[in-house]
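Colleague: Now for the letters of each chain:
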Amino acid sequence: MSFTEKKKRGISLIILVAGLFLLPLFFPNPARIGMFISCAVASILAMGWLMILRIGCLSLGQAAFLAIGGYTSALLAQKAGISPWIGLLAGGAASGTVALIIGMVVLRVRGLSLSIITFAFAEVVRLLLSTLEFFGGHGGITGIPSFPPLNFPVLGRVRCDSPTAGYYILLLILLVCGTVMWRMDRSALGRIFGALPQNEALAESLGVHPLRYKMIGFVTACFFAGMAGAFTAHYYNVLFPGNYTPIQSIMVQIQATVGGVTSVALGGLLGGSLMVMVESWLLNIDSRWVYIFYGSVILLVTFFLPEGLLSLPQKVKKVMKKN
Amino acid sequence: MSILELKQVSRNFKGLTALNGIDLEVREGEILGIIGPNGAGKTTLFNIVSGFLKPTRGEILFQGKNIVGLRPDRIARAGLVRSFQGAGLFPQYSCLTNMIMAHHLYNPIGFWQTLAHSKAYGLREKEVKEKSLSLLRLFGLEKLKDMAAKDIPYGNQKMLGLAMVIATGARVLLLDEPVAGMNPSEARAMADQIRGVRSEMKKTVVLVEHNMKMVMGVCDRIVVIHYGVKIAEGEPELIRRHPKVIEAYLGAADG
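For the record, the sequence lines run as chains A and L.
Residue numbers for the first sequence follow numbering that gives the first Met the number 0, so the first one is 0 and each next one is one higher.
Residue numbers for the second sequence follow numbering that gives the first Met the number 0, so the first one is 0 and each next one is one higher.
So that you can see chain A by itself, here it is in the shape it has in the complex (with noise of 0.2 Å):
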């Protein structure tokens, strides 16, 4: 890459992070801000689903590692009294934990029996929150503690219960899910997790030992989907086994897919925020176009392009050429 390239590539990140930043400055409504932030959960989960796709693995399971993120963080606020702050780390970590455990059997399997594993790993986990009293049943947990205010050296006392707090704490977490995202992708790691789906037994004869590296794209993308479970759990303040239904799992794929598999970090993002900011437009005029709009998304992606959205600009270049 040449250094024009790369100071271009930087000042478009740093034009993009800032605009991030801004963005409740220039929409300060809270219904607008509300969408934001569902649009920022939309991207981390998406990220994590294209790194998993990365090391060759489909998985239909996220919407699980949202919900024990979620549900790790509410219950420990809830029964042990510990900070929300500390809940994010450990949903994340809970999110990590299982993913790890479940990666020995999901990640020893390949193409359609593994994505069935993720599926079926998903709802055993929605019945089992929705079925154990201990989880809160079917009617979910409520009166889940808000992030308590922070106190700063120059601001002094800040509340962090409003939407726009709300948005800064999940910019966090989305910037950095990003920025790891992207080194992973963009670099040796990355190379070897590409190699693994064109020939693993050649990988391993080059000394890669797969499962290791896997597990170490597989896990990065649940404790993120964690992380974000765990802050919608203290920015709504309500579960419901209801949002982990398999139908959330296939949105998440839908939007990474949208987005586009050229780039984790960049295709998450887009593919994330672009199809919610759609998604609840749609819903102001009727709920069941959001179904109909999700459905023939991926079908047009899948036909005409099926690099996602990221690989459009190339696309078009080359038609324009042809013509």
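Everything labelled a hint here was simulated from the structure, so no lab data went into it.
Hints should not be assumed to be uniformly reliable.
Stated by the list, open to error - Restricting the straight-line Cα-Cα distance to at most 30 Å, the calculated cross-link-like pairs of lysine-lysine (DSSO-like) are:
no., chain 1, residue 1, chain 2, residue 2
1, A, Lys317, L, Lys144
2, L, Lys149, A, Lys320
3, L, Lys128, A, Lys6
4, A, Lys316, A, Lys7
5, A, Lys7, L, Lys125
6, A, Lys317, L, Lys142
7, L, Lys130, L, Lys149
8, L, Lys118, A, Lys320
9, A, Lys321, L, Lys149
10, A, Lys317, L, Lys149
11, L, Lys144, A, Lys316
12, A, Lys316, L, Lys149
13, L, Lys130, A, Lys6
14, L, Lys144, L, Lys130
15, L, Lys13, L, Lys64
16, A, Lys6, L, Lys144
17, L, Lys142, A, Lys316
18, L, Lys64, A, Lys7
19, L, Lys118, A, Lys5
20, L, Lys118, A, Lys7
21, A, Lys314, L, Lys142
22, A, Lys5, L, Lys142
23, L, Lys144, A, Lys320
24, A, Lys316, A, Lys5
25, A, Lys7, L, Lys128
26, L, Lys130, A, Lys314
27, A, Lys6, L, Lys125
28, A, Lys5, L, Lys144
29, A, Lys5, L, Lys125
Just so it is clear, the structure is predicted and the values come from calculations on it, not from any experiment.
Guided by the hints, dock chain L onto chain A, whose structure is given.
Modeller: Same frame as chain A, but now just chain L:
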């Protein structure tokens, strides 16, 4: 001195005996050929030695240590690396990236160092890139470095496969049909490279091959396997005239 030794290695697949009590000794610095009719168990033997399959019975000693039960990546780290039948590459990756992948043992990638993106990590990556380029040059693949491995000619793909096995730094190379499907001039070039690898890089080579001309021309010694049993072993001249080998390949003479 023997660097690799198989003792009474057997392998059954649900009642079918693919290998039956194979004894084999590979001497340091030699080129050993393993031949046999189709279905003789040659590839099974490779899969067992490289750790992709476990033997039902027997011992495999590499540099005096038993490697039975070790994972393939562990065996590779110990210094025993195999190539694969067919292309055996990462098809979507460029030739250069394929070579960089092959340096994994030289530059193992960790999670935290990747995240930290330290200077040492960058230097190491750069060094591996240089090494990869010089190996590509050595194998006459430099011009193809940016092409996807799946798009280069078959002969070059096989050459890249060999170069990648070399890049791992292994002492013993197991080559599974290195010239299969090649035209005569490509096969000759490959044979020359294999000889060069042995004499200049001091590697030990074990190869499985059907191309008799190549095997007879390149190998110091040849082992013949038939129905999972070793039936002959010796120098190419001896093997060429060995009655059991002729019988195995041409069928039993009448009476």
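Colleague: All the hints need checking, so say for each whether the structure fits it.
Modeller: Hints versus structure:
The suggested pairing of lysine 317(A) with lysine 144(L) holds, with an alpha-carbon distance near 24 Å, which does not exceed 30 Å. Between lysine 149(L) and lysine 320(A) the CA atoms are separated by roughly 26 Å; this keeps the pair inside 30 Å, and the hint holds. With a C-alpha separation of about 23 Å, the suggested pair lysine 128(L) and lysine 6(A) falls inside the 30 Å cut-off, and the hint holds. For the hint linking lysine 316(A) to lysine 7(A), the alpha-carbon distance of about 19 Å falls within 30 Å, and the restraint holds.
Proximity of lysine 7(A) to lysine 125(L) is assessed by CA-CA distance (about 23 Å); at most 30 Å being required, the pair is judged to hold. Distance check on the hinted pair: lysine 317(A) and lysine 142(L) sit about 25 Å apart at the alpha-carbon level, within 30 Å; holds. In summary, the hint linking lysine 130(L) to lysine 149(L) is supported, as the alpha carbons are separated by about 22 Å, within the 30 Å threshold. As the CA atoms of lysine 118(L) and lysine 320(A) are separated by approximately 41 Å, the hinted pair breaks the 30 Å bound.
Distance hint between lysine 321(A) and lysine 149(L) is fulfilled; the C-alpha atoms sit about 25 Å from each other, no more than 30 Å. Taken as a hint, the lysine 317(A) and lysine 149(L) pair is honoured in the structure, with Cα atoms around 22 Å apart against an allowance of 30 Å. Using a Cα cut-off of 30 Å, the hinted pair lysine 144(L) and lysine 316(A) holds, with the two alpha carbons roughly 25 Å apart. Distance restraint check for lysine 316(A) and lysine 149(L): the Cα-Cα separation of roughly 25 Å lies within the 30 Å cut-off, and the hinted pair is therefore satisfied.
Among the hinted pairs, lysine 130(L) with lysine 6(A) is consistent with the structure: their alpha-carbon atoms are about 28 Å apart, no more than 30 Å. For the suggested pair lysine 144(L) and lysine 130(L), the alpha carbons sit about 13 Å apart, so the restraint of at most 30 Å is met. Between lysine 13(L) and lysine 64(L) the alpha-carbon distance is near 29 Å, which keeps this suggested pair within the 30 Å criterion. In summary, the hint linking lysine 6(A) to lysine 144(L) is supported, as the alpha carbons are separated by about 26 Å, within the 30 Å threshold.
Under the criterion of a C-alpha separation no larger than 30 Å, the hint pairing lysine 142(L) with lysine 316(A) is consistent with the structure, at around 27 Å. Taking the CA atoms of lysine 64(L) and lysine 7(A), the gap is near 55 Å; set against the 30 Å cutoff, the hint is violated. In summary, the hint linking lysine 118(L) to lysine 5(A) is supported, as the alpha carbons are separated by about 18 Å, within the 30 Å threshold. Our distance criterion of 30 Å between C-alpha atoms is met by lysine 118(L) and lysine 7(A), whose separation comes to about 22 Å.
Pair hint lysine 314(A) plus lysine 142(L) holds up; C-alpha atoms about 27 Å apart against a cutoff of 30 Å. Between lysine 5(A) and lysine 142(L) the alpha-carbon distance is near 26 Å, which keeps this suggested pair within the 30 Å criterion. For the given pair, lysine 144(L) sits about 26 Å from lysine 320(A) by alpha-carbon distance, which is consistent with the 30 Å threshold. A distance of roughly 21 Å separates the Cα atoms of lysine 316(A) and lysine 5(A); the hinted pair therefore holds under the 30 Å criterion.
A threshold of 30 Å between alpha carbons decides the hint, and for lysine 7(A) with lysine 128(L) the separation of about 25 Å falls inside it, so the pair holds. Among the hinted pairs, lysine 130(L) with lysine 314(A) is inconsistent with the structure: their alpha-carbon atoms are about 35 Å apart, more than 30 Å. A C-alpha spacing of about 20 Å is found between lysine 6(A) and lysine 125(L), which places the hinted pair at or below 30 Å, so the restraint holds. A hinted pair counts as satisfied when its Cα atoms are at most 30 Å apart, and lysine 5(A) with lysine 144(L) qualifies at roughly 23 Å.
Distance check on the hinted pair: lysine 5(A) and lysine 125(L) sit about 17 Å apart at the alpha-carbon level, within 30 Å; holds.
Checked against the numbered hints above, the structure violates hints 8, 18 and 26; every other hint is satisfied.
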